[in-house]
Amino acid sequence: MTARILWTHVGALAALLAAHVLLPAYHHGNLARIMVLAIYATGYNIAFGYTGLLSLGHALFFGAGLYAAGLTAYYTGLPGWLALLAGPVAGGAVALALGSFALRTAGVAFMIVTLMFAQAFHLAILYLGRWTRGDEGLVIARASRQLFGLDLADGSVRFLVAWALFALTMVAALIIARSGLGRVMVAMRENEERSRMLGYDPYMTKLIALGLSGAMSGLAGGAYALLFGYVGASLASVQYSILPLLYVLLGGAGTVLGPLIGTVAMFYLIDLASNVTDAHQLVTGAALVLLILFAPRGILGSIRDRFARWIP
Amino acid sequence: MDFGPFLLLAVMEGLVSAAVLALTASGLSLVFGIMRVVNVAHGEFFMLGAVLAWFVSQFVPGPAALSFALALILCPLVVGLLAAIADWAVLKRLNYEPEATIVATIGILYILQQAALSLFGPDARPVPAPVDFRVQLPWFGYAGYKLVVVAAAAMILTLLWVVLSRSRAGLIMRATQEDRDMARAFGINVDRVYAGVFALGAALAAMAAVLVVPITQAHYLMGGDPLLLSFITVIIGGLGSLRGTLIAAIVIGLTDGIVSTFFAPTLARIVATLAVALILVVRPQGLFGRTAP
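Those sequence lines, one after another, are chains A and B. Residues in the first sequence are numbered consecutively from 764, following the numbering used here. Residues in the second sequence are numbered consecutively from 32, following the numbering used here.
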């Protein structure tokens, strides 16, 4: 790994850590949420950005992690780290299960199949309202949100845990992107038939990519449940399948830092717009249309194209 | 009420949803069949039709039947025009590339939904039915307007079929569907055909909404269910096959009516959604489609 790649990413993590001391309380709270959502976006990027799998059902993986961690913390007395671990395990397992047959389809059919499964999961949460309380959701008690003696309800601890989990995810994404697997994933995105001819197995590659993507999304879901103490059906709705797509498109698909940049930019775009108007769906919609029309490569993707070919 | 009449009621309710679904889904099917575009904003065109019908009913004086007739003509035209603009401003510039158009239509969905929320408000609002009579059967009375909906939908669909299979415009559309480049070589303005087809698809959804809004009320979030059901219908019927879509709409509409009369609607929806997803995995061309898309 060349030095400048290493220093760029270490620098990004250091900047986030410095923000912990420097930022005023309001933005400090925002950034903790942004980092959790950026974990989700990083996971989405593994499937969409690197492997070219456009899924419209990642809320299923995020929701699986959210409910696996949330229900464990809410209903059982198991320690916090076990609840947190349940997130990525559930997300990864669901992704592998869904991928094992959904990957028989490609393109538009894949989008619709993933969308439908996520929709069925969302409906199932509403249907099982006796345990999940549906849209109203569950508020997890402070006592159940402890991680190795750390109180996750505390703002400062929450920020640092979110940072640590994001750093872990980002380093994992960087390693994947630069590994042999990552290169085969990109090859699948660029030309599946040619990669097959060269002896790579498209199905297995895509399944592994989807599993990794699902595990990261599940980690984000689990972290969301424990750090913010709320689990509700709206967090598994279609909206939450679209959000990571938006973040990744804005930041730059197929770049390691793009999901973080996109999440920060979109979060504050909506935040600023809500000072002017409460029509924040308009901002989301307009951003999607304008991005796909004029900057399909996103912020970091455009920078990479013009100035810095070395960005992974 | 005995089981027999109860089943009859369920079938009649099912027929109404089948009629509305057939109209909405045929719009989606037409757009996919000819343009190969999956229009995620289709449900919002449906919603816009209903919301505009409310505006017409509010601001046009005179009897309900008159303003309703006006809405039935005016709303599809306005929605169709909006769709044509969306096609020209966004979809055409993306070269109708499948994945990009899906992302773009998701964006259009959000924009239209927000526009309806801001201009129309968050409340559900009723639209008066143009006719008000009851059909008295031996076991129960039935709103006559629902029968009007079924008849009107059947008429519109017949008209659509005649246009597609007998008219010059239909011939041009089918030629474009068959081979876009060859159609262009024969002097067909493919861009205009696409804009027209996109507008026609949206107008069909708006028409369905105007017909059904006296039964269901207008609401800015009402586009979600028709979108999902239309997707299911189009997939089961075979992507791009209009005949399959119509058959599937009748089957699904009737099943939906009957099942939701007897079982919990959420459970029925879960099972239907999963079943459709699995059908798509096993038979990507749909149950009635001949070739893979």
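It is possible that part of the hints are untrue.
[What the hints assert, rightly or not] Not the full set, but computed from the structure, chain A residues with beta-carbon under 10 angstroms of chain B: (1) A777; (2) A781; (3) V784; (4) L785; (5) A865; (6) T868; (7) V871; (8) T877; (9) Q1044; (10) L1045; (11) V1046; (12) T1047; (13) L1054; (14) L1056; (15) A1058.
Hint data in this document are derived by calculation from the structure and do not stem from the laboratory. Glycine is no exception: its CB is placed at the ideal position from the N, C-alpha and C atoms.
Now the hints, each set against the structure:
1. A777: With a closest approach of 34 angstroms, the A/A777 hint is violated.
2. A781: violated (35 angstroms)
3. V784: With a minimum Cβ separation of about 37 angstroms from chain B (threshold 10 angstroms), the hint on A/V784 is violated.
4. L785: violated (34 angstroms)
5. A865: This hint holds: A/A865 lies near chain B, its Cβ roughly 6 angstroms from the closest one there, short of 10 angstroms.
6. T868: holds (6 angstroms)
7. V871: holds (5 angstroms)
8. T877: With a closest approach of 9 angstroms, the A/T877 hint holds.
9. Q1044: Check passed: Cβ of A/Q1044 comes within 4 angstroms of chain B, closer than 10 angstroms.
10. L1045: Hint on A/L1045: holds, closest Cβ of chain B at ~4 angstroms, below 10 angstroms.
11. V1046: Since chain B brings a Cβ to about 9 angstroms from A/V1046, closer than 10 angstroms, the hint holds.
12. T1047: holds (5 angstroms)
13. L1054: holds (8 angstroms)
14. L1056: holds (6 angstroms)
15. A1058: Result: violated, 12 angstroms to nearest chain B Cβ.
In terms of the numbered hints stated before, the structure departs from hints 1, 2, 3, 4, 15, listed from lowest to highest.
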